[in-house]
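> All chains, full assembly: derive it from the sequences and hints.
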Amino acid sequence: MRQIFWAILAGLLFGAGLAVSQMANPAKVLAFLDVGAIPAGGWDPSLAFVMAGALVVTFFGFAIARRRERPLAADAFDFPSRRDIDARLVAGSVLFGVGWGLVGYCPGPAIASLAWGRVETVVFVLAMIAGMVIWRRTLGTTTETPVNAR
Amino acid sequence: MDNFTPLSALIGGVLIGVGSVVLMIANGRIAGVSGILGRAIQPDGPEWRWRVGFLAGLIGGAALAMLAGVGPAAIEVTGSLPLLIGGGLLVGFGTRLGSGCTSGHGVCGLARLSPRSLAATGLFMASGAATVFVMRHTIGG
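If you read the sequences in order, they're chains A and B.
All residue numbers for the first sequence refer to this note's numbering, where the first residue is 1 and numbers rise by one.
All residue numbers for the second sequence refer to this note's numbering, where the first residue is 151 and numbers rise by one.
Since the hints were made in silico from the structure, they are not lab data.
Ideal Cβ placement from N, Cα and C applies to all residues, glycine included.
Each hint should be verified, as a subset may be incorrect.
What the hints assert, rightly or not - Using C-beta positions, here's what the derived DEER-type ranges look like:
#1 A/Ala-48 x B/Asp-194: 35 to 43 Å
#2 A/Asp-84 x B/Asp-194: 19 to 27 Å
#3 A/Arg-68 x B/Thr-288: 48 to 56 Å
Claimed, not checked - Chain A regions said to be covered by chain B (calculated; three or more residues, Cβ under 8 Å):
#4 2-10
#5 16-28
#6 56-68
#7 75-84
#8 89-103
#9 113-125
#10 128-140
Shown next, in the form of structure tokens:
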């Protein structure tokens, strides 16, 4: 129960951040990815500022978390431990980037912007879920996450 | 750079960071939206409940910001069905194959100084920019 409460609170903050920063608007994201607009002065570097703001907080926040013995509502911290750069990581990231550039949606903003009630967003999210299901049924692995719920 | 909004971008980024830190300090979990969504739709234990809670919070938080007038009143999404479906499929498949997206790799992973996340972020930024370049300056002209 406590885990659900904290997750909802985290989601609310995250979703509000996506709206305040306008990253929930795909046009804003595409304006950042459009580096071809730099010479004409039409480039929008806002996304880099969003990442910078988020990174400063997470860098110090995660450092504080690591000093604790355990999370408030779970048995252990689930920090990823892998450091190798394999073909899956490379291919997946490149494919993701192509889809991101086609529409301007990555998973967080796509979900959050369902709040605006646009049918285009619903179509994208359903296709994104279908893509995840296809991954699961083809190249998917089941050994990714240890379960530490309680 | 007429649409550049550095202040609201920084404030929004800080909110995203605080949300990610809350999920880590409370639940011990990385706020990676693709992983949370991907596992929420194929439940393998009791953890799907907090994942659905987080996703509902994402929508609710955006809705609250919009209603409070601190988010965009409207969003601009392409109306092209092939682009929406093709883009969605690629984002869903690619983020699961690559173990993360802009949140899990781009924010949480970089904050941990993870070499995997640094590589992933560089790659999806580059292929995203290349795709927009082709769409806007080559085909779209």
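> Would you list, in rising numerical order, the hints stated earlier that this structure does not obey?
none
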